[in-house]
Amino acid sequence: MNSPLDSRTPSGPLAQKWDKHKFDLKLINPANKRKFDILVVGSGLAGASAAASLAELGYQVKCFCFQDSPRRAHSIAAQGGINAAKNYQNDSDSVYRLFYDTIKGGDFRSREANVYRLAQVSANIIDQCVAQGVPFAREYGGLLANRSFGGAQVSRTFYARGQTGQQLLLGAYQALCRQIAAGTVHMFPRTEMLDLVVIDGHAKGLVVRDLLTGQISSHAGDAVVLATGGYANVFFLSTNAKGCNVTATWRAYKKGAFLANPCYTQIHPTCIPVSGEHQSKLTLMSESLRNDGRVWVPRRKEDVAKPPASIPESDRDYFLERKYPSYGNLAPRDISSRAAKEVCDEGRGVGPGGRGVYLDFSDALQRLGKKVIIERYGNLFDMYERITGENPLLVPMRIYPAAHYTMGGSWVNYDLMSNLPGLFVLGEANFSDHGANRLGASALMQGLADGYFVLPYTIGEYFASAKRARPSPSHPEFKKCEESVQASINRLLAIKGRRTATSLHRELGRLLWEKCGMARNEAGLNEALRRIPELRQEFWSNLSLPGTNGELNQALEYAGRVADFMEFAELLCLDALHRRESCGGHFREEFQTPDGEAKRDDEHFAYVAAWEYQGPNQPPLLHKEPLVYEELHLSTRSYK
Amino acid sequence: MNLTLKIWRQKDATSPGAFVTYEAKEVLADMSFLEMLDVVNEGLLARGEDPIAFDSDCREGICGMCSLVINGVPHGGHRGTATCQLHMRHFKDGQTVNIEPWRARAFPIIKDLVTNRSAFDRIIQAGGFVSVNTGGAPDGNAIPVPKDAAESAMDAAACIGCGACVATCKNASAMLFVAAKVSHLNLLPQGQAEKHRRALSMVRQMDLEGFGNCTVTGACEVVCPKEISLSFIAKMNRDYGVGALREMTHGQ
Numbered sequence: 001m002n003s004p005l006d007s008r009t010p011s012g013p014l015a016q017k018w019d020k021h022k023f024d025l026k027l028i029n030p031a032n033k034r035k036f037d038i039l040v041v042g043s044g045l046a047g048a049s050a051a052a053s054l055a056e057l058g059y060q061v062k063c064f065c066f067q068d069s070p071r072r073a074h075s076i077a078a079q080g081g082i083n084a085a086k087n088y089q090n091d092s093d094s095v096y097r098l099f100y101d102t103i104k105g106g107d108f109r110s111r112e113a114n115v116y117r118l119a120q121v122s123a124n125i126i127d128q129c130v131a132q133g134v135p136f137a138r139e140y141g142g143l144l145a146n147r148s149f150g151g152a153q154v155s156r157t158f159y160a161r162g163q164t165g166q167q168l169l170l171g172a173y174q175a176l177c178r179q180i181a182a183g184t185v186h187m188f189p190r191t192e193m194l195d196l197v198v199i200d201g202h203a204k205g206l207v208v209r210d211l212l213t214g215q216i217s218s219h220a221g222d223a224v225v226l227a228t229g230g231y232a233n234v235f236f237l238s239t240n241a242k243g244c245n246v247t248a249t250w251r252a253y254k255k256g257a258f259l260a261n262p263c264y265t266q267i268h269p270t271c272i273p274v275s276g277e278h279q280s281k282l283t284l285m286s287e288s289l290r291n292d293g294r295v296w297v298p299r300r301k302e303d304v305a306k307p308p309a310s311i312p313e314s315d316r317d318y319f320l321e322r323k324y325p326s327y328g329n330l331a332p333r334d335i336s337s338r339a340a341k342e343v344c345d346e347g348r349g350v351g352p353g354g355r356g357v358y359l360d361f362s363d364a365l366q367r368l369g370k371k372v373i374i375e376r377y378g379n380l381f382d383m384y385e386r387i388t389g390e391n392p393l394l395v396p397m398r399i400y401p402a403a404h405y406t407m408g409g410s411w412v413n414y415d416l417m418s419n420l421p422g423l424f425v426l427g428e429a430n431f432s433d434h435g436a437n438r439l440g441a442s443a444l445m446q447g448l449a450d451g452y453f454v455l456p457y458t459i460g461e462y463f464a465s466a467k468r469a470r471p472s473p474s475h476p477e478f479k480k481c482e483e484s485v486q487a488s489i490n491r492l493l494a495i496k497g498r499r500t501a502t503s504l505h506r507e508l509g510r511l512l513w514e515k516c517g518m519a520r521n522e523a524g525l526n527e528a529l530r531r532i533p534e535l536r537q538e539f540w541s542n543l544s545l546p547g548t549n550g551e552l553n554q555a556l557e558y559a560g561r562v563a564d565f566m567e568f569a570e571l572l573c574l575d576a577l578h579r580r581e582s583c584g585g586h587f588r589e590e591f592q593t594p595d596g597e598a599k600r601d602d603e604h605f606a607y608v609a610a611w612e613y614q615g616p617n618q619p620p621l622l623h624k625e626p627l628v629y630e631e632l633h634l635s636t637r638s639y640k
Numbered sequence: 001m002n003l004t005l006k007i008w009r010q011k012d013a014t015s016p017g018a019f020v021t022y023e024a025k026e027v028l029a030d031m032s033f034l035e036m037l038d039v040v041n042e043g044l045l046a047r048g049e050d051p052i053a054f055d056s057d058c059r060e061g062i063c064g065m066c067s068l069v070i071n072g073v074p075h076g077g078h079r080g081t082a083t084c085q086l087h088m089r090h091f092k093d094g095q096t097v098n099i100e101p102w103r104a105r106a107f108p109i110i111k112d113l114v115t116n117r118s119a120f121d122r123i124i125q126a127g128g129f130v131s132v133n134t135g136g137a138p139d140g141n142a143i144p145v146p147k148d149a150a151e152s153a154m155d156a157a158a159c160i161g162c163g164a165c166v167a168t169c170k171n172a173s174a175m176l177f178v179a180a181k182v183s184h185l186n187l188l189p190q191g192q193a194e195k196h197r198r199a200l201s202m203v204r205q206m207d208l209e210g211f212g213n214c215t216v217t218g219a220c221e222v223v224c225p226k227e228i229s230l231s232f233i234a235k236m237n238r239d240y241g242v243g244a245l246r247e248m249t250h251g252q
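Protein chains in written order, with the working numbering: chain B, 1 to 640; chain F, 1 to 252.
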């Protein structure tokens, strides 16, 4: 059947699907690969690894990023680690267990075959990164060290101090640089994608803006790869870098590429609490801290203002250990975040505004000593102290959940190709592997799996079977797209209103955080859906934006991204409203168990919701991809 | 607190620049330095004036995109701290704060406080990698790496590529950056095959880019937000020296 939502999942036993599929995929002769031009947008783990690997195979690659260097993509900020089913610790890990943990962690809302493949290639990623010179932590014998992360009872996380993302990204960036030097990758830094060019139903090019000169130009290619990250900045305050945005996938959506499960957003439990109105972003404190830190609040409301050290053990509530004894402080992110919100809602939160819980290292300091703790977490403690002025060796950290990652994204099939042929979407930008909640240390794994080990195999199938010539850059569609991009920039510059993009974005973010954040309900979502169009109207009639297009204009860049968030937010709330169940990071207050856990409705909602754009001010069309579990039984997640 | 800011404004690469004075009112101790500038920019935007252009992205001290010389010191002079992690509690009410871009021939100014640091990318392209293609890597544990070598490589690899070392150096030398990148790979078994070639090509590219020579004043180490040690320069010089000798005797 040729439904737009054919996932193309191979048949056969789960463990053999990927091998069988690789054999079935058509190949491109090495001498012919150089005839294909691939446009890669984004240079984070997924984009850089894909661009480098495709170029090594012989394809001609153009790679675009909005930062001044591909090495600065936001993957760099990942602290804790990367999972891999190596079983180096002899603690009964396996591909199957990583697969199972990931499916369960995602609350049975991911595609089984994709997740199994992810677990399979996880081991190759570690090998590849070690060969590139990524300085992973080592034991004294010289072998690789591991630690534990949330949602797992084995130790399978590889790490490089608290800078794993940076080190993995440098590995991919260095591989990319090698290809740039070889002339197989042409790099375009400080260049932003502003439109996808679709010709005869196939993705065949991009319209980009040179951020230094404002010049709008287009690039024709045989395929387009989006590796443009997630949309957590729709909440204004998030742990994402300031530049992270939804523009690439949103503009592709408006050209026909479905967006799937946008309501699956991850709120990370351990971030530094908000300190004031001026706040521009939130800072994550790595989940790895929960290996040795214990999370608690005072048992009684009256004690919240007391110095933590003066509160005796008997008056403390270690609520994660109490509620989830088998996982304790390492319960998955969605569950830990909601538990923190719950105790703060009860009035037992600590710090300014009562929106914080303690993450306390005093037990670990006594057990392991200061030296070991500093070795493990020194840089995170320094970072905390720089921001808050408090030393976690002396007083417990205060943490609170914050928007961090988005599981939803462009819909892709097993080959990572969108419903728009020729458009591939990798990493956080796609929806495929984490279901309704991502486990810690799995984002790095997925980004690199997609770029190093999946796309290089699957893209050839498209070239071999689609057999479409690359359009000439003089094709009228390019000109048309360039003109429409230029027109929307002109429109932004012509508003000449009184409010800054930041103030409008902050207002949107606050609305979403309240109505579509850690807990959602029908009334709140309906209210958000009423207010978002008003806010969008305010944006388009009252935006203050100085300067011109023909220069470095950071306010203009930002306004364009906020304009897309203003539209995207509506789809996010619509998806959250339609999914009348709770699962993973999507918690609908109407649907919970008596003890306050997420209550899924597998009978009605065991599907991927893929939304199709229907034009401005038209409700989008919902397509459903049923989630078929051949291997596992849908079961209730329990971390108790 | 209230501050007087003297900020370098420059329209574009070719126009002359100058310091312009701004008043920053009601600055809070918990703000980061960049959040303080955000507030100043919000004020400018509200008045329809051109906001101050500066680079930043992650705002948690790891992407290396932020880059200001604050009162004459890159990143403001707090140990191991990038500008985005510098907080206003370190400033006093009524203080005057000078804010300038990185100044070095190899980092031309683009606008206001934004500079072009692509020279660093070209130095990496010259040899800052291990030449392995994707696939076919041996098992991660096939080559043990002694813990001290791994730690030392990690110390070097912590470099965020911000360029503060260049900005503070009286010669605008990039030796600390290049030494960190060379040492990260040259300290590991995986980097041995290309060790000398890497040191030679990266140093030569550095010279081509117009960075100055190193006179080992150690100023770079002081401002480095990742506290990269000067000793990596010695390590690189050794690899470069041996490489140059080999080149003379065997040819490359």
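Please note that the accuracy of each hint is not assured.
To be verified - Under the rule of at most 30 Å between Cα atoms (straight-line distance), these lysine-lysine pairs were calculated in the DSBU-like manner:
#, chain 1, residue 1, chain 2, residue 2
1, B, K479, B, K467
2, B, K624, B, K599
3, B, K20, B, K33
4, F, K170, F, K6
5, B, K480, B, K496
6, F, K235, B, K496
7, F, K147, B, K496
8, B, K62, B, K255
9, B, K255, B, K35
10, B, K301, B, K323
11, F, K147, B, K370
12, B, K640, B, K301
13, B, K479, B, K35
14, F, K235, F, K195
15, B, K371, F, K235
16, F, K195, B, K496
17, F, K92, F, K147
18, B, K371, F, K195
No lab work stands behind these hints: they were computed from the structure.
Results of checking the hints against the structure:
1. Using a Cα cut-off of 30 Å, the hinted pair B:K479 and B:K467 holds, with the two alpha carbons roughly 24 Å apart.
2. Under the criterion of a C-alpha separation no larger than 30 Å, the hint pairing B:K624 with B:K599 is consistent with the structure, at around 20 Å.
3. A distance of roughly 23 Å separates the Cα atoms of B:K20 and B:K33; the hinted pair therefore holds under the 30 Å criterion.
4. Among the hinted pairs, F:K170 with F:K6 is consistent with the structure: their alpha-carbon atoms are about 22 Å apart, no more than 30 Å.
5. As the CA atoms of B:K480 and B:K496 are separated by approximately 26 Å, the hinted pair is consistent with the 30 Å bound.
6. About 57 Å separates the Cα atoms of F:K235 and B:K496, which puts this hinted pair outside 30 Å; it is violated.
7. Restraint check for F:K147 and B:K496: not satisfied, since their Cα atoms lie roughly 59 Å apart, outside the 30 Å limit.
8. In summary, the hint linking B:K62 to B:K255 is supported, as the alpha carbons are separated by about 21 Å, within the 30 Å threshold.
9. With a C-alpha separation of about 26 Å, the suggested pair B:K255 and B:K35 falls inside the 30 Å cut-off, and the hint holds.
10. At roughly 19 Å between alpha-carbon atoms, B:K301 and B:K323 fall within 30 Å of each other, so this suggested pair holds.
11. Between the alpha carbons of F:K147 and B:K370 the distance comes to roughly 20 Å, so the proposed pair stays at or under 30 Å and holds.
12. With a C-alpha separation of about 26 Å, the suggested pair B:K640 and B:K301 falls inside the 30 Å cut-off, and the hint holds.
13. The straight-line distance between the Cα atoms of B:K479 and B:K35 is roughly 24 Å, inside the 30 Å bound, and the hint therefore holds.
14. For the hint pairing F:K235 with F:K195, the CA-to-CA distance comes to about 11 Å; that is within 30 Å, so the pair holds.
15. A distance of roughly 28 Å separates the Cα atoms of B:K371 and F:K235; the hinted pair therefore holds under the 30 Å criterion.
16. Our distance criterion of 30 Å between C-alpha atoms is broken by F:K195 and B:K496, whose separation comes to about 57 Å.
17. Under the criterion of a C-alpha separation no larger than 30 Å, the hint pairing F:K92 with F:K147 is inconsistent with the structure, at around 44 Å.
18. With a C-alpha separation of about 34 Å, the suggested pairing of B:K371 with F:K195 is violated against the 30 Å cut-off.
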